[in-house]
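*Asks:* As given, the protein sequences belong to chains A and B, one line each in that order.
The first sequence: position 294 = 294 (the numbering used here), numbered continuously.
The second sequence: position 361 = 361 (the numbering used here), numbered continuously.
Some hints here could point you the wrong way.
[As the list claims (entries may be wrong)] Not the full set, but computed from the structure, chain B residues with beta-carbon under 7 angstroms of chain A: (1) E37; (2) L64; (3) R66; (4) V104; (5) R342; (6) E367; (7) A378; (8) I418.
In case anyone wonders, no lab produced these hints; they're calculated from the structure.
None of these values were measured; they are calculated from a predicted model.
Glycine included, each C-beta is placed from N, C-alpha and C at the ideal position.
The primary structure of each chain is shown beneath.
Protein chains: 2
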Amino acid sequence: MEGFSSEAEYLEELRRRAVLPAGFRVSTGRLTFTPNERPTQEPYRMNLSLLLADRPTEIFAAVLTRNAFPGAPVLLARNRLREPSVRGILVNNKIANVCTASGVEDAERLLSELSALIDVPAKQLFSVSTGIIGWSLPVPDMVGALPATVEALHGGDAVDFARGIMTTDAFPKVRSVSVGEGSIVACAKGAGMIEPNMATMLVFIVTDVAVSREDAQAALSAVAERSFNRISVDSDQSTSDMALLLSSAQRGSVPASTFQAALEEVCGRLAEDIVRNGEGTGHVIRVRISGMQDEATAVAAGKAVVNSPLVKTAIYGNDPNVGRIVSSLGDYAGNSGVEVDRERLFIRLGQWEVFSGGVFHLDRDKETRLSSYLQEAAMNPRIKGYPQHDRCVDIHADFGLGKAEAVVLGSDLSHEYIQENADYRT
Amino acid sequence: MEGFSSEAEYLEELRRRAVLPAGFRVSTGRLTFTPNERPTQEPYRMNLSLLLADRPTEIFAAVLTRNAFPGAPVLLARNRLREPSVRGILVNNKIANVCTASGVEDAERLLSELSALIDVPAKQLFSVSTGIIGWSLPVPDMVGALPATVEALHGGDAVDFARGIMTTDAFPKVRSVSVGEGSIVACAKGAGMIEPNMATMLVFIVTDVAVSREDAQAALSAVAERSFNRISVDSDQSTSDMALLLSSAQRGSVPASTFQAALEEVCGRLAEDIVRNGEGTGHVIRVRISGMQDEATAVAAGKAVVNSPLVKTAIYGNDPNVGRIVSSLGDYAGNSGVEVDRERLFIRLGQWEVFSGGVFHLDRDKETRLSSYLQEAAMNPRIKGYPQHDRCVDIHADFGLGKAEAVVLGSDLSHEYIQENADYRT
Chain A
1 MEGFSSEAEY LEELRRRAVL PAGFRVSTGR LTFTPNERPT QEPYRMNLSL LLADRPTEIF
61 AAVLTRNAFP GAPVLLARNR LREPSVRGIL VNNKIANVCT ASGVEDAERL LSELSALIDV
121 PAKQLFSVST GIIGWSLPVP DMVGALPATV EALHGGDAVD FARGIMTTDA FPKVRSVSVG
181 EGSIVACAKG AGMIEPNMAT MLVFIVTDVA VSREDAQAAL SAVAERSFNR ISVDSDQSTS
241 DMALLLSSAQ RGSVPASTFQ AALEEVCGRL AEDIVRNGEG TGHVIRVRIS GMQDEATAVA
301 AGKAVVNSPL VKTAIYGNDP NVGRIVSSLG DYAGNSGVEV DRERLFIRLG QWEVFSGGVF
361 HLDRDKETRL SSYLQEAAMN PRIKGYPQHD RCVDIHADFG LGKAEAVVLG SDLSHEYIQE
421 NADYRT
Chain B
1 MEGFSSEAEY LEELRRRAVL PAGFRVSTGR LTFTPNERPT QEPYRMNLSL LLADRPTEIF
61 AAVLTRNAFP GAPVLLARNR LREPSVRGIL VNNKIANVCT ASGVEDAERL LSELSALIDV
121 PAKQLFSVST GIIGWSLPVP DMVGALPATV EALHGGDAVD FARGIMTTDA FPKVRSVSVG
181 EGSIVACAKG AGMIEPNMAT MLVFIVTDVA VSREDAQAAL SAVAERSFNR ISVDSDQSTS
241 DMALLLSSAQ RGSVPASTFQ AALEEVCGRL AEDIVRNGEG TGHVIRVRIS GMQDEATAVA
301 AGKAVVNSPL VKTAIYGNDP NVGRIVSSLG DYAGNSGVEV DRERLFIRLG QWEVFSGGVF
361 HLDRDKETRL SSYLQEAAMN PRIKGYPQHD RCVDIHADFG LGKAEAVVLG SDLSHEYIQE
421 NADYRT
């Protein structure tokens with residue numbers, strides 16, 4: 001895909017991707033509130049987004065953050081996963097509901113109010129929050145917005161839902177794929193704080209094809225490991241990230257392997273969308289590590305490159321400073337005790353070999369070509385609403401030590417990122 | 001120390017600190033060259049700095065980078081450490097001499113030319129380089145500048161030496177302390193790429209008091225671990241960092257414990273100088289982790305906080321976004337398998353308690369005070385030449401799990417950092 005030249009063009013494509021599978025409805029409500037913790041009285045805007053299955057389903061799965069201080073939504077979700085069936089998900093942005101005195105009660109209160117409105121047991125509902133950590137949910141204001149949100153439930157497409165769950169996201173993210181007689185549709189939010197283990201990333205996946213609950217969980221766990229857990233925007237992992245999958249089972253069943261392959265395609269694309277839409281992302285960096293002893297080491301080495309502020313800033317500046325790539329790999333290897341051989345290391349940036357036989361291969365002409373290559377892969381981080389293209393900066397490092405390999409995605413580090421995060425709460 | 005109001009004021013203090021111990025001379029020469037690898041023909045400036053002991057000394061010590069792809073100077077230094085005695089150090093900035101085809105030969109060539117000029121065996125000399133990784137040293141141009149550099153050798157103070165070794169450093173860094181009948185004087189360079197294990201940091205320590213060579217090495221190793229290895233500007237560790245210590249032994253000897261205590265004072269202060277002078281540093285962040293099971297875990301937890309881009313950008317923006325502190329700690333603990341108890345976690349920012357009993361304690365008034373606290377600790381990253389003050393942003397997290405603790409220093413993440421690193425080579 002060469003991307004889009006306008007937001008309207010992107011939204012048209014998004015509506016096509018976001019057509020809901022049979023048996024699901026969505027809606028998004030809005031409210032304003034004034035946080036108790038905020039110095040100024042200026043009100044905040046919040047979206048309340050609802051995803052509801054027509055009937056309870058026992059086919060659902062989840063992957064939750066590994067952060068040791070998880071938010072109330074994660075604690076709540078752990079309980080919901082023990083339920084025989086679930087029905088829907090209520091999502092709010094702006095405040096993440098993490099480690100506040102009444103966090104879990106706040107979530108339960110919201111769900112019981114929603115329960116009364118839609119006549120669904122609260123224990124069949126998830127409460128999911130994203131935004132500022134440490135502040136309290138404005139429960140009364142949110143409760144006040146519930147009736148209109150329920151009223152607005154509709155089938156059709158999930159574009160408004162995908163928009164409603166955004167925080168500082170540059171554009172809404174939806175991917176879908178046909179499978180068997182039905183489809184899998186996935187929406188995601190996530191901008192800053194994106195790292196392995198799905199940090200401050202919310203992913204909601206709905207499908208109308210059936211597999212067993214066990215197969216659904218196995219597929220989601222395996223796919224998340226190879227997609228969402230291999231992207232990094234700023235190496236932080238949040239207290240609140242989760243991926244939830246629900247099936248309405250209204251379009252027949254498919255083999256577990258077919259389901260997992262389809263899910264992997266959807267999640268793989270969505271993971272790249274999330275990096276491309278990272279706060280202030282100007283370049284998407286795709287690092288392939290090969291010739292490694294084992295996959296975990298390959299992933300860690302790739303992460304070392306995409307998380308190096310010096311590599312990230314150089315690429316932002318379209319400066320092919322390949323020395324920083326070698327330094328970040330050597331940094332990782334030397335300090336994690338991985339035995340490497342400089343003579344066997346091979347590094348390519350784009351199509352150009354820059355390191356082999358233990359030495360760099362750089363000259364004036366190659367530096368010029370590499371710089372042009374980086375410029376062509378750049379996006380304008382100030383353009384919001386749609387991705388301009390899906391080009392990546394490809395870095396390939398082969399260590400010549402084994403057969404394992406892995407691909408890791410990351411972003412550059414830009415002025416726009418600093419701007420976004422230096423005053424995130426204002 | 002409340003810092004300095006002008007560069008002149010700082011240099012005056014620096015001259016006081018930089019008075020050379022007996023038995024050492026220094027000088028700095030300059031040259032221009034055109035790198036073969038550079039797209040444009042515009043010439044570069046390079047400094048050649050020389051530190052020479054009047055006589056060979058068998059009292060010397062070193063700590064070298066753990067990076068798995070070390071530069072030629074590090075490989076060379078490993079050999080020099082096997083020599084019975086050494087005499088001096090030649091330092092160049094601008095190009096780091098890492099992984100080029102002729103890297104080690106280039107360094108040996110420089111040292112043999114220098115050897116002939118000062119009548120000192122090349123094997124008693126160190127060649128140290130810092131700057132761009134992957135490009136070759138302009139050996140002929142450097143050789144051409146050697147005679148003038150030797151000619152300029154002088155006693156007195158090491159201010160010009162401390163300036164000569166700088167790359168993107170905001171100001172020269174020298175610390176000294178009296179010990180026994182003599183003193184210890186240490187100069188450092190280091191701006192970006194500063195991380196644990198002394199990344200792209202060069203530290204040169206001279207003293208005229210004697211301890212055994214073994215005690216000197218033991219002291220330097222122990223002190224580096226608790227000072228230079230506990231600072232982080234951007235979490236990258238370079239291919240070239242090293243700390244070298246030489247003693248002229250001209251002012252008598254001191255007990256090993258006295259020497260180490262004095263060395264620790266000098267290196268501790270120098271480490272903080274290095275963070276304060278980090279590329280684009282607006283705030284110095286001092287994280288104290290206590291109540292931890294062991295020191296290594298305390299250090300790692302502290303590093304997780306000072307290396308979190310979200311914590312760093314919030315502090316740059318004077319935004320007391322303490323949720324990000326808890327998130328970065330939970331991120332570290334959850335993904336490194338450290339068992340923690342949210343109920344026992346206690347966090348203070350400045351003098352204000354922000355987290356205890358498993359929940360945040362934030363209100364409008366406290367947020368306002370915290371924001372003022374961050375503003376008062378800010379420096380103007382655009383002011384170069386001298387540090388304006390030595391205030392830190394103090395973060396204290398007690399995990400209530402054990403008796404171990406550690407202090408880690410880091411910097412915020414600013415627009416100036418991006419600017420510096422997006423076009424470092426232009």
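*Asks:* Of all the hints numbered above, which does this structure not satisfy? Sort the numbers upward.
*Replies:* Violated hints (numbers, rising): 2, 4 and 7; every other hint is consistent with the structure.
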